[in-house]
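Chains C and V are the protein sequences, given in the same order. Heads up: the first sequence at position 95 corresponds to 1033 in this note's numbering, and the numbers run straight through without jumps. Heads up: the second sequence at position 11 corresponds to 36 in this note's numbering, and the numbers run straight through without jumps.
None of these hints come from the bench; they were simulated from the model. Keep in mind the model is a prediction, meaning the values are calculated, not measured. Warning: the hint list may mix true and false statements.
[Claimed, not checked] Derived lysine-lysine pairs resembling DSBU-like cross-links, with alpha carbons at most 30 angstroms apart: (1) V:K82 <-> C:K955; (2) V:K93 <-> V:K83; (3) V:K83 <-> V:K62; (4) V:K47 <-> C:K949; (5) V:K67 <-> C:K953; (6) V:K96 <-> V:K83; (7) C:K953 <-> C:K1016; (8) V:K96 <-> V:K47; (9) V:K93 <-> V:K62; (10) V:K47 <-> V:K67; (11) V:K83 <-> V:K67; (12) V:K82 <-> V:K62; (13) V:K96 <-> C:K949; (14) C:K1016 <-> C:K955; (15) V:K93 <-> V:K82; (16) V:K93 <-> C:K1016; (17) C:K1016 <-> V:K96; (18) V:K82 <-> V:K67.
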Amino acid sequence: GAGVSQTPSNKVTEKGKYVELRCDPISGHTALYWYRQSLGQGPEFLIYFQGTGAADDSGLPNDRFFAVRPEGSVSTLKIQRTERGDSAVYLCASSLGQPSGANVLTFGAGSRLTVL
Amino acid sequence: GENVEQHPSTLSVQEGDSAVIKCTYSDSASNYFPWYKQELGKRPQLIIDIRSNVGEKKDQRIAVTLNKTAKHFSLHITETQPEDSAVYFCAASSRNTGNQFYFGTGTSLTVIP
Chain C
939 GAGVSQTPSN
949 KVTEKGKYVE
959 LRCDPISGHT
969 ALYWYRQSLG
979 QGPEFLIYFQ
989 GTGAADDSGL
999 PNDRFFAVRP
1009 EGSVSTLKIQ
1019 RTERGDSAVY
1029 LCASSLGQPS
1039 GANVLTFGAG
1049 SRLTVL
Chain V
26 GENVEQHPST
36 LSVQEGDSAV
46 IKCTYSDSAS
56 NYFPWYKQEL
66 GKRPQLIIDI
76 RSNVGEKKDQ
86 RIAVTLNKTA
96 KHFSLHITET
106 QPEDSAVYFC
116 AASSRNTGNQ
126 FYFGTGTSLT
136 VIP
């Protein structure tokens, strides 16, 4: 697509529920990133995919968080047993992922998650 | 890993004045430094970037300078306008860390008409 698309734009759920957030990157972008942003803070790294594999998942806060990218395009961030502290805007970004580096990162509009 | 620090956290300037935001980084292997502007409720948008093989880059009213020796880079906005009001984030990236991006904590810029 022309840009990075994220759905849903807003999600309100109850504590303990399961949530899935979807990201459709720019066509041809091999690298895909998930960030979490709380109010007044910078993007906090969660996980980064190069193709289908997770190149770096060191930012996932605990085992309730999991992400997949089975065909190297669309990615889904999955959060189990949601907690109120999970409330944030979840940003997805993509880049060409060229090994030479200096890849421009383009963000989606984010999915705002509110856990009641 | 890389650590990016950004200052100031808030900045208010009169319309027409200049604004400067500074970032430092720790990993000497970092070679790409983008700046993002984020308006309230919107996505971060790339406004300018610089690669480690140059010391300065300018695009109309905005410019970025890079000092690799001191490991710091700065965003300069001249002739500020009210529409420049937003949160600005710096970031650093290195192919040595798998093209990972590390962000500063942001600067909230307010341009007073």
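(message) Need the list of violated hint numbers for this structure, in ascending order.
(response) 1, 4, 13, 16 and 17
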